[in-house]
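Here's the letter readout for the chains.
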Amino acid sequence: MATVTESGVELDGVSVDFGDVSALNDVSITVDQGEFFTLVGPSGCGKTTTLRTIAGFESPTEGTVTIDGEDVTDRPPEDRNVGVVFQNYALFPHMNVRENVGYGLRHRDPPGGVSRRERVDELLELVDMTGLAERDPTELSGGQQQRIALARALAPGPELLLLDEPLSALDVRLRERLRVTLREIQQSLDITTVYVTHDQEEALAISDRVAVVADGGIEQVGSPEAIYRSPASRFVAEFVGDNNVFDRTVQGSDPPHVSIDDQAVPLEAAPTLSQGDRATLSIRPEDLSFHERDVSITVTVQQVEFLGDAYRVHCEWGETEILVKTTDDDIPRETVTLWFDVTDVYVVDRSATE
Amino acid sequence: MRERAERLAVPLGLSATVAVLIVVFYYPVGSVLADAVFSDGRMTFAPIADVLTDPFYTGAAHHLFTDPLGVPVGLVEWLLAVEFFLFGVDLPPTSIGLFGFTAYQAALSTVASVALGLPGAYLLSRYEFPGRRTVRSLTILPFVLPGIMVAVGFLAMFGRNGLFNDVIGLVGLGPVEALFTLEIVVVAHAFYNAPLVTRLVTTAWESVDRRQVETARSMGATPFRAFRDVVVPQLLPSLLTASLLTFVFTFMTFPIVLALGGLQLATVEVWLYARVQNLELAEAAALGAIETAISLGLTYLYLRYEARQVATRSAGTPLARRQLFASVRSLRDPHRLALAGYGIVVLVVFVGPLASMVVESVTGPGGQFTLDYYRFLLSQQTSSATGTTRPLPAIVNSLRFGVGTLLLALPMGIVVAVVANRDVTGSRGAEAVLSAPLAVSGIVVGLGLLQTLVFGTVILDYRITVLGPIAIVFAHAVAAYPFVTRNVAPALGELDPRLVDAARSLGASRFRSLVDIELPLVASGVVAGAAFAFAISVGEFDSTVLLAEGVDSYTMPVALERYIGNRSLGPSLGAATAMGTVLLAVTAGSFVVIDRVGGRWQP
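Protein chains in written order, with our numbering: chain G, 1 to 354; chain H, 1001 to 1603.
There could be a bad hint or two in this list.
[Claimed, not checked] The calculated label-pair distances, taken between Cβ atoms and stated as ranges, are:
| id | chain 1 | residue 1 | chain 2 | residue 2 | range |
| --- | --- | --- | --- | --- | --- |
| 1 | H | Arg1322 | G | Asp121 | 54 to 64 angstroms |
| 2 | H | Ala1016 | G | Ser43 | 53 to 63 angstroms |
| 3 | H | Glu1128 | G | Pro93 | 52 to 62 angstroms |
| 4 | H | Ala1016 | G | Pro76 | 17 to 27 angstroms |
| 5 | H | Asp1209 | G | Arg312 | 52 to 62 angstroms |
| 6 | H | Ala1016 | G | Asp109 | 45 to 55 angstroms |
| 7 | G | Ala169 | H | Leu1236 | 49 to 59 angstroms |
| 8 | G | Glu125 | H | Pro1490 | 38 to 48 angstroms |
| 9 | H | Ala1016 | G | Arg106 | 24 to 34 angstroms |
| 10 | G | Ala169 | H | Val1111 | 46 to 56 angstroms |
| 11 | H | Leu1240 | G | Asp247 | 53 to 63 angstroms |
| 12 | H | Ala1588 | G | Pro111 | 34 to 44 angstroms |
| 13 | G | Asp121 | H | Asp1209 | 32 to 42 angstroms |
[Stated by the list, open to error] In silico negatives: residues of chain H with every beta carbon more than 10 angstroms from chain G:
| id | residue |
| --- | --- |
| 14 | Asp1209 |
| 15 | Thr1317 |
| 16 | Arg1336 |
| 17 | Leu1407 |
| 18 | Arg1504 |
| 19 | Leu1506 |
| 20 | Ser1509 |
| 21 | Arg1510 |
| 22 | Ala1585 |
| 23 | Val1592 |
Read the hints as simulated data drawn from the structure, not as lab findings.
Because the structure is a prediction, the values reported are computed rather than measured.
Quick reminder that beta carbons are idealized off the backbone N, C-alpha and C, glycines included.
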C-alpha cells in the first residue's frame, strides 16, 4: 500500500469557521489510496469537522479538498462519491434493511454491472447480515445496525469511506470485535478510509497511519508505533497512552544531558539541544521498573490499581505524579527506588533559551 | 436536467414563496400603509395625525398629539378616564377612544381567557379521567372554528330566545339580555383563547420534573411552598406567552365583535371595516397603519419572549396524575367539587353555543321541531332573484378555496419550515419576514388586495387585475401557511440532521432527501398542517368578506353573515343557524382529519 503514490484524499490548507469560531485552522493532510487513516483527538478538537469537510457537509472558508486527484471543494456531498458511516448509524427509520442498503443505488448505478437487488445481497453477505433484509432498523441491535450502516455506505461502490466514531455507541467487547471486522472488510475492498475516534487505543489498533488533532490543527501524523514511541509534542505524549511527562533544563552539549535526581542522563536522541534549553521529557509507565536499570529515582507509592494483566502504580516524585505499569506481584507500599534505561527517555518538546 | 431542477427546488420554492408574499401581502399591505402617509404624491402625515388627534379614536389621550406640551395633564386625564371606565362610572366610551376601548376589551378578554383556561390546565395535567387525551386534543378545536359561526352559536345560546334564557327561565330567573354587551364579546373571546391558555400551560405543567418537587418536599417544603417555589416559576413563561397571544388575537378581533357587539362596541378592526364600506379609504388606511404598528410590536414582543424560552425544556419524569373519580369519598373533596363547577362553566361556554346553534336550526318559533330553515336554504338555492345568497355556491366556493389554499399553503409552509431549520445567518430575520402575516389583520390584507390587485394595478402601461376568487385563495394561503410551518418545522427540527447527511452522501440532492427522508418522517405534521390550512381557509372571514363583495365568490362564513342580517323568516336566527350547522359539519370533518393523524399545534 505504501508504494501507491496517488493520493486518496488531500486537504490543502483547509480552514473552517462557524461564525466567529474557528473550527479548523490551516489543516493539510494527505491520505494514500487504500490507506486506513485515523483522526484522533479529544472532543471538540475538529476531527469530526475535518471528516465532514471531506464529505462535503461543511464548506472550507479557505483551502482545497481533493479526492482521487479531483478538486471537490465546491461539490455538494451527493457528487463526491463517498460513503459515510455515522456514530448513531443514521439508518432511515421508515425503510427496512434492504431499502436502507439500496437507497444509494437509487441515485448511482451498482458497480460491477449487477442488478440493484444482487448488489444489496452482496453487501448484506459482506457484513454477515444475510437473512435480515426485510427487518426494520429499529428491530436490530446496535451492532447489527452498525453493520447495516456500513453496508449502506459501501453499496454504491464509493471511492472513499468515511467513518465518524462508528463504534463509540457499542459496549467494549463488541467494539473490539467489530473493529477487527471493519479492518478486514476495509483491507479486502482496498478502499481508502478515514476514521474518526476519540479513543486513542482504538486509533493505534486499527490504523495504517494516525493523525492526532487538537484545537483545530494537526499535532502529529505517523504510524501508530511512531505516534506512541516518539510523540512530537507534549500534547501527543499525554493524549496517546499513559505517560510520565516532566521538564528539565539541558546542561552542556555533546552529548546534551539533563540532571535527574542528581544523575546525568544523556539525551542521545536529540543531539541538537544545547546548554540552557528547556526540554520536555517523557518515560512510558511500562518502561519504569522496580529492578535495577541505568537511572534511579526515589518515589513514594500512593495507590495500586489491579488491571488484570498488570498493576498500575500511582507514585509521587516530588511535585510530579509518576505512573508505573508492572507485572510484579509484590509492590512496595512506601518510599521506593524506581529504575529506567537512558534509551527510554524521549524528548517530546523543547524550547531554546532567550 | 432533472438533477438541475432538483438542486434548485428549495431555493426556487423559497423565491416563489417570497414572491407570493410580496405580491399578495407586502405590496397590498404596503399600499395601505402608503395611503396613510402619501396623498396626491406628496408625503403627509395628515390622515394618521387626524386619527391620533381625534378624541373619537384616542380619547382623552388625543392631547398627546394635539398639545404635546400639555402631555402630563392629558395623560392624567386619560388615565382618569380609563379608571372611571374600569370602575363602571358611566362615561361615554369616547373618553378612552376607539384604540383605548379596543385595548381595554382585549385586556378583559385576556383576563377572562386565563381565568377560564387555567383550571382546565390544572385538570388536564394533574388528574386522570376517561377521555382526558380526547379533551386535551379537543383544545385545538376552537382555533379552527370560523369566528362568524361561533358568533351565531353565541346568538343562539345567549339571545333573548336563546337556550340560556330558556334554561334559567325554568328556575324562574331571567331573562338576561346579553347581546350587544361587552360581557358577551369577552366570553366569546374566551371561547377562542381559553383553550390556548389551557393547552400551553398544560404542556408546561406536564414537563415539570416530579423529582424537583420531591427534592423541595424532602428539604422541608410544604406542598403549597413546593408548588409556589418549584412549579409556578415553570408555568409562568407559558402563561405569559398565552396571554400575549390572546391579547394580540383579541386586539385584532373582528367577526365576533361585528356580530355580537355591533358598532356601539366597535373595535379598531370593526370600525376599519365600516370605513371601507363607506369608502373612506384614507381614514381606513390610517387606522390600518396604526393598528398594524401596534400588533406588529406586540408580536415582536411575543417572538422575542418565545425565543428566550426555547432552552428550558426538560426531559424528566412528569408529576403523577390523581384519579378524578377515585371513590365515593372523593366526591366530597373540595378540589373535585370545584372542578365539577368548572365542568359546568365549560359546558355552558364551549358546548352550549355550538349545541344551541344545531338545536335552534331545527326548532321553530314555538319550540316545535322544524326543517323550515333548511328548506329556506334550498329555496334560496332555487331563487332567481339577483343578489340572493345561495348556499350551494357558498359550500362549493369554500371547498374550492380550501383545496386551492391547501395546494398553495402546503409547499409554502414546508419551504419556510426547511429554511427556518437551517442554522444560517439571517435565518432569524428571514423567519420574521415570513411570519409577519400572522400579525397583520385580515381586513388590512383584504383592503390592500382590493385596492391593488382586484381593482387593478398598472405595470409598464398594462393594467393588471386579479379576479376576486384568485385573490381570495392567495389571501387565504398567506394566512394559512404559517400554520403549516408551525406544524412541520418543530418535527423537522427534531429529526437527526445526519439522516439528511446520510442521504446526500448516498447521492441524493437536498430536494430528494427532503422528499425521500424528511417529509415521510414528519408526515403527521404535514397532514396536520394541511388540515389547518384547509380549516383556516374554510373559516376565514375578515379578508374574504371584503374580496367577495359584489361578486359571487362568497364563502360559507360570508353567506352566514348575510343570513344573520336576513330576517325574512321572522325574528329568529333560523337561516343563520342552519347555515352555521352546515359550516360546523364541514369544519368538524377537517378537524377529524387533524385528530386522526395525531396533529398538534404548538405555538
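Structure versus earlier hints - violations, ascending order: As far as the earlier hints go, 2, 3, 5, 6, 7, 12, 13, 18, 19, 20 and 21 are violated by this structure, in ascending order.
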